[in-house]
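Asker: Construct the complete structure from the given sequences, taking the supplied hints into account.
Under this note's numbering, the very last position in the sequence shown is 72; numbers go up by exactly one each time.
One or more of the hints may lead you astray.
Listed below are the simulated BS3-like cross-link pairs for lysine-lysine, each with C-alpha atoms no more than 27 Å apart in a straight line [unchecked claim]:
no. : residue 1 : residue 2
1   : K46       : K30
2   : K46       : K63
3   : K52       : K37
4   : K49       : K37
5   : K49       : K70
6   : K63       : K52
Between beta-carbon pairs, the in silico distance windows are [what the hints assert, rightly or not]:
no. : residue 1 : residue 2 : range
7   : Q41       : A4        : 41 to 47 Å
8   : L10       : C32       : 41 to 47 Å
9   : K49       : V22       : 38 to 44 Å
10  : A59       : A29       : 41 to 47 Å
11  : A38       : G60       : 30 to 36 Å
12  : A39       : G6        : 46 to 52 Å
Honestly, the hints are just simulated from the structure, not real lab data.
Bear in mind the structure is a predicted one, so any value in this text is a computation, not a measurement.
Glycine residues also receive a C-beta, built at the ideal position from the N, C-alpha and C atoms.
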Amino acid sequence: MSFAKGCKGLTKQAQNLTDEAVAQGEQVAKDCMEQGKAAGQEAIDKGCKAAKESGEHVAGQVKDQFAGMKKK
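Answerer: Right, here's the structure in full:
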């Protein structure tokens, strides 16, 4: 096998490996983004639930205070 043919074959192999690595990298990045979105949405849901519960708790306290003021 001539040197030029050997180099051409190695170049093609390197290009194939590069393409494969890029494809795998893109898939990993995509998976990470999907997981991140899911985790982010879960955090948002938990935050909204906590805020709602907190708001309801405060509203209940205010309501109780007004009820106490009316009784006096």
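Asker: Please go over all the hints and tell whether each is borne out by the structure.
Answerer: Hint check results:
1. K46 / K30: 24 Å, holds
2. K46 / K63: The given pair, whose Cα atoms are some 25 Å apart, holds under the 27 Å limit.
3. K52 / K37: Distance ~22 Å between K52 and K37 Cα, so the pair holds.
4. K49 / K37: Between K49 and K37 the Cα gap is close to 18 Å, so the pair holds against 27 Å.
5. K49 / K70: 31 Å, violated
6. K63 / K52: With Cα atoms ~16 Å apart, K63 and K52 stay inside 27 Å; holds.
7. Q41 / A4: 41 to 47 Å: 55 Å, violated
8. L10 / C32: 41 to 47 Å: Violated, at about 32 Å.
9. K49 / V22: 38 to 44 Å: 40 Å, holds
10. A59 / A29: 41 to 47 Å: 44 Å, holds
11. A38 / G60: 30 to 36 Å: Given range 30 to 36 Å: holds, Cβ gap about 33 Å.
12. A39 / G6: 46 to 52 Å: For G6 against A39, whose Cβ atoms are near 49 Å apart, the range 46 to 52 Å holds.
Figure legend: structure checked against the earlier numbered hints; hints not met, in rising order: 5, 7, 8.
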